[in-house]
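Given the sequences, and given the hints that come with them, work out the whole structure.
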Amino acid sequence: MNNKDNDAKGIWKVIGASSMGTLIEWYDFYIFGSLATVIAGQFFPKTNPTAALLSTLATFAAGFIVRPFGALFFGRLGDIVGRKYTFLLTLILMGGSTFAIGLVPSYETIGFAAPVIVLILRLLQGLALGGEYGGAATYVAEHAPPGRRGFYTSWIQTTATLGLFVSLGVILITRHSLDANEARSIEKFNDWGWRIPFLVSILLVVLSIYIRMTMKESPVFAKLKSEGKVATNPLKESFTHRSNLKMVLLALFGATMGQGVVWYTGQFYAQSFLENVCKINFDQSRTILIWAILFGTPFFVVFGNLSDKIGRKWIMMTGMLLAVLFYRPIYQECYEISSAFLTDGSVTLPTQEYWEIVLLVFVQIIFVTMVYGPIAAFLVELFPTRIRYTSMSLPYHVGNGVFGGLTPFIATLLTTIYTSDKLVGLWYPIIIASVCLVIGLLYLTNTIDPDVND
Amino acid sequence: MEKLKRLMGLVWMAMGPLAILFLIRTAISEIEKKPVIDTFIQWGVFVVVFIPIAIGLVIFGYFAFKGDYHQMPIDSAHLED
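First to last, the sequence lines map onto chains V and X. Each residue of the first sequence is one higher than the last, beginning at 1 in the numbering used here. Each residue of the second sequence is one higher than the last, beginning at 1 in the numbering used here.
Hints were generated in silico from the structure; no laboratory data involved. Given the structure is predicted, the values throughout are model-derived calculations rather than measurements. Hints are not guaranteed to be accurate.
Stated by the list, open to error - Simulated pairs of lysine-lysine, DSS-like, Cα-Cα distance not exceeding 27 Å: (1) Lys422(V) with Lys66(X); (2) Lys236(V) with Lys66(X); (3) Lys313(V) with Lys5(X).
Right, here's the structure in full:
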């Protein structure tokens with residue numbers, strides 16, 4: 001076997017180890033959000049269901065808001081200690097927190113301690129996720145050959161969507177397999193079965209930890225370390241040096257801010273809209289998303305690969321433009337299709353209409369793949385090795401965690417303030433993506449950095 | 001193009017304080033409408049989280065106005081102060 005074959009085998013091992021761990025972290029993070037209403041009944045006082053749901057959503061939001069702090073903490077660690085050990089640590093923290101959530105007794109059993117413990121564990125999940133992505137993207141990019149960075153890092157980009165896909169699948173399967181009688185199975189799921197998706201993740205986490213432990217440090221970082229050029233204070237270098245700070249701000253306002261809202265609108269708000277506004281039943285609203293994700297996911301790699309040939313900027317900007325232009329028509333069409341089948345406050349779609357809505361959600365996933373597929377390579381190329389983990393993690397998690405993560409929450413809030421317009425929630429992602437689009441078009445360059453070893 | 005980049009810098013600088021003002025006014029109005037703990041928490045979180053981001057937008061606008069984005073770095077040596 002020649003060197004080229006060994007290199008090819010090596011990079012796929014790196015991608016496999018990194019992607020699997022990142023996918024599990026996303027899975028761990030999303031099962032909480034996907035089970036928000038069930039968890040509300042378990043951990044928050046049941047006297048006021050709306051308050052219970054809002055409390056859970058607030059906890060959900062807290063999970064996103066601490067992500068930037070995780071990015072700073074673990075980013076700094078990754079630039080000082082190394083990529084490998086840092087993203088190993090985030091995996092352990094995430095896996096442990098998720099498993100523990102599955103073990104916390106309910107509010108009825110231990111009282112107020114239950115929501116407090118859940119909130120703390122949720123915050124730990126957010127911290128861990130804040131450190132994971134930057135590490136995985138940096139690790140893969142620093143192994144990838146020049147000219148193929150977009151393609152190889154795009155595999156990491158599939159993990160967030162696949163994590164959501166797996167979480168939805170595990171929840172649906174568990175919900176229907178606890179009893180031969182469907183109604184009883186759902187009852188059992190709401191009572192104790194919801195814990196299963198949290199508990200099973202520990203098996204995958206242990207496996208992933210083992211695989212990651214067998215991996216070597218990023219060659220680019222290892223070289224830097226051997227030369228004694230590792231940053232002593234990555235936070236200071238990243239955010240107080242004007243020349244680097246301006247790139248951090250550009251990455252946030254010209255790329256990740258818009259990418260975050262497009263990502264969360266296409267996947268989370270879409271599901272929330274189908275279930276709560278269109279009134280499509282629990283199973284159909286989730287399987288619609290599952291099909292759309294399944295068909296859409298390969299396009300992360302397609303657009304990541306394309307970005308190696310034509311540059312990252314125009315693909316991401318086109319995705320944002322299409323989202324801005326088509327969100328309202330897409331959601332209007334979803335609403336019109338479903339409202340024709342509303343009976344007793346719930347919609348069960350016939351086959352043809354079901355697939356029409358799958359198509360409409362799939363189109364949104366395509367927008368997601370355009371903005372998200374090339375972004376890891378884009379961020380990695382923007383910053384130098386010695387402060388890359390810190391510098392790229394913060395704009396990514398402010399863009400995704402704060403702007404993106406709060407999308408379903410703010411959009412739903414808008415619908416409660418302006419009740420006459422069913423689509424009013426879309427103005428939030430449309431305005432944010434529009435501002436980001438203008439900034440990106442004006443200030444980003446389409447240059448692909450040939451060398452990330454500097 | 002460089003003149004447009006500079007002029008738009010002023011827009012970004014203005015957008016920061018305007019966004020904070022809009023956020024605080026909406027928060028006060030919503031809390032007055034429904035003065036319960038959930039409303040305080042929701043809007044408190046929004047205000048606390050988005051104010052630093054709005055300040056970041058002002059700094060970004062200032063850099064743009066000063067012409068920092070006319071020449072983008074081509075390698076890491078250009079990121080050294």
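Taking the hints in turn, this is what the structure says about them:
1. Lys422(V) with Lys66(X): violated, 42 Å
2. Lys236(V) with Lys66(X): holds, 22 Å
3. Lys313(V) with Lys5(X): holds, 17 Å
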